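Chains A and B, in that order, give the protein sequences. Here the first sequence is numbered in the numbering used here, starting from 1 and rising by one per residue. Here the second sequence is numbered in the numbering used here, starting from 112 and rising by one per residue.
It should be emphasised that the hints constitute simulated quantities derived from the structure, not laboratory data. These numbers come from a predicted model, not from an experiment. Take the hints with a grain of salt, since some may be wrong.
With beta-carbon atoms standing in for the labels, derived distance ranges [claimed, not checked]:
#1 B:R129 to A:S10: 32 to 38 Å
#2 B:R222 to A:S10: 36 to 42 Å
#3 A:A95 to B:A125: 41 to 47 Å
#4 A:N29 to B:E164: 21 to 27 Å
#5 A:S85 to B:T224: 22 to 28 Å
#6 B:D182 to A:G79: 42 to 48 Å
#7 B:Q152 to A:G96: 47 to 53 Å
#8 B:A125 to A:A41: 25 to 31 Å
#9 B:R174 to A:G60: 29 to 35 Å
No residue lacks a Cβ here, since even glycine has one placed at the ideal position from N, Cα and C.
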Amino acid sequence: ILNVEQSPQSLHVQEGDSTNFTCSFPSSNFYALHWYRWETAKSPEALFVMTLNGDEKKKGRISATLNTKEGYSYLYIKGSQPEDSATYLCAFNQAGTALIFGKGTTLSVSS
Amino acid sequence: DSGVTQTPKHLITATGQRVTLRCSPRSGDLSVYWYQQSLDQGLQFLIQYYNGEERAKGNILERFSAQQFPDLHSELNLSSLELGDSALYFCASSEEAGQGMIEQYFGPGTRLTVT
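Start from the sequences and build out the full structure, keeping to the hints where you can.
Dropping the structure here:
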């Protein structure tokens, strides 16, 4: 059974801190890796779709890296702000299969 | 706003009943996906439709069924409801048939409570 693990489960940081989370997935037959941001009472919103080993994507203060050979992706947030508080979901799939989502990392940023 | 709409937002019903959840995809998107988010579980893929045809099936119970209509909206039918079916049900849409290469756009979800 394919599984996606995210760590930590939750994280609390102060405004201005930089932080990172990990997503681990099976390294065989990799096809794509997605990161979504899910704010409370809203719907998940795509941050990045990554497909190539060594991919690095950036959107503002948020960036992600991908290592398909060892089966992990990191999401980085630089200078966290209270509005970054959300659950960050990672999803992975192999060719021809559905996305498998992790349980997410819940980030709380205090001002 | 993702452009994906779901109705109703909340639904409370009794065990043994049947309900229908509705989803309208983003304009131009042909694929619709249904997910279930239960307590302490990640988003679980249920089923995907592409342009009216079933494209992929996940861990969808036999008591559940879905369809996509010619106008591309989709309905998820849940029958013989059990307490364990209480969850947040999301619909998502994308342009393409294959999963993975492009992002999915999620609706606001339907919170189902079975009492």
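So which hints don't hold here, by number, going up?
2, 7 and 9
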